[in-house]
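Please model the entire structure based on the sequences and the hints provided.
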Amino acid sequence: AQSVTQLDSQVPVFEEAPVELRCNYSSSVSVYLFWYVQYPNQGLQLLLKYLSGSTLVESINGFEAEFNKSQTSFHLRKPSVHISDTAEYFCAVSRGSGTYKYIFGTGTRLKVLA
Amino acid sequence: DAGVTQSPTHLIKTRGQQVTLRCSPKSGHDTVSWYQQALGQGPQFIFQYYEEEERQRGNFPDRFSGHQFPNYSSELNVNALLLGDSALYLCASSLTSQGVGIQYFGAGTRLSVL
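Chains as they are written, first to last, in this note's numbering: chain E, 1 to 114; chain C, 1 to 114.
I should point out that these hints are in silico values taken from the structure, not numbers from a laboratory. Computed from a predicted structure; not experimentally measured. Ideal placement from N, C-alpha and C gives every residue a C-beta, glycine not left out. Treat the hints loosely; a few may be bogus.
If you anchor each label on the Cβ, the simulated ranges turn out as follows [said to hold, decoys possible]:
id, chain 1, residue 1, chain 2, residue 2, range
1, E, 28, C, 40, 26 to 32 Å
2, C, 10, E, 17, 32 to 38 Å
3, E, 71, C, 70, 30 to 36 Å
4, C, 40, E, 61, 39 to 45 Å
5, E, 52, C, 12, 24 to 30 Å
6, C, 71, E, 54, 35 to 41 Å
7, C, 51, E, 10, 29 to 35 Å
8, E, 70, C, 12, 46 to 52 Å
9, E, 16, C, 80, 29 to 35 Å
10, E, 72, C, 22, 25 to 31 Å
11, E, 52, C, 63, 36 to 42 Å
12, E, 58, C, 84, 38 to 44 Å
13, C, 62, E, 5, 26 to 32 Å
14, E, 28, C, 70, 36 to 42 Å
Reference listing, derived: stretches of chain C covered by chain E, where coverage requires no fewer than 3 residues with Cβ under 8 Å from a Cβ of chain E [unchecked claim]:
id, region
15, 35 to 48
16, 55 to 65
17, 100 to 113
If you want it as structure tokens, here you go:
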């Protein structure tokens, strides 16, 4: 079985500062990894994904995440945050094959301060 | 290109009642998954439908049931509502032939059970 741990429930950070949101997973098989963002009163939007290949994946709005198999981590980073990045961020894992459900972490609330 | 649409957006029911939530997948998608997101938690997988059959199910009681129609839209039914069923219910669609089945989420239906 897979599981996801997001250690930080809330992360406050000042605008234009860097941020890292941590995600660790547990799985005995190969996995796909995802970050989703949820703005208030909205559904989940796919931010970025790791399926295979390069362990560093990037999104169009400046976020990046690095798959580290030895540390079973998929931390999300942004070098300079904006007020508009304030949202809930969820890390999710899916088995590399055969299983279709996503297992989500409990989420990290990123609050960007002016 | 319409994304995943869910209806209604909000719903208030009382204990013991039954509720039906609806989902239309993103154009071209053939698979629908349902998730329950309790307040302050990550989404929990309920079940997934493909080719009008339940393909996989999470750890939810039989009070939760679903259906997929030939046009790929789906319904989630919950019988004998409990207070603990109050949550945001998210529908996600994907394309099984894509292999990975990256899931795209709707805005959700917020169910309040009084």
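Do the hints match the structure? See the list:
no.	hint	result
1	E:28 with C:40: 26 to 32 Å	holds, 29 Å
2	C:10 with E:17: 32 to 38 Å	holds, 36 Å
3	E:71 with C:70: 30 to 36 Å	violated, 46 Å
4	C:40 with E:61: 39 to 45 Å	violated, 25 Å
5	E:52 with C:12: 24 to 30 Å	violated, 45 Å
6	C:71 with E:54: 35 to 41 Å	holds, 38 Å
7	C:51 with E:10: 29 to 35 Å	violated, 42 Å
8	E:70 with C:12: 46 to 52 Å	holds, 49 Å
9	E:16 with C:80: 29 to 35 Å	violated, 51 Å
10	E:72 with C:22: 25 to 31 Å	violated, 38 Å
11	E:52 with C:63: 36 to 42 Å	holds, 39 Å
12	E:58 with C:84: 38 to 44 Å	holds, 39 Å
13	C:62 with E:5: 26 to 32 Å	holds, 30 Å
14	E:28 with C:70: 36 to 42 Å	holds, 38 Å
15	35 to 48	holds (count 8)
16	55 to 65	holds (count 3)
17	100 to 113	holds (count 9)
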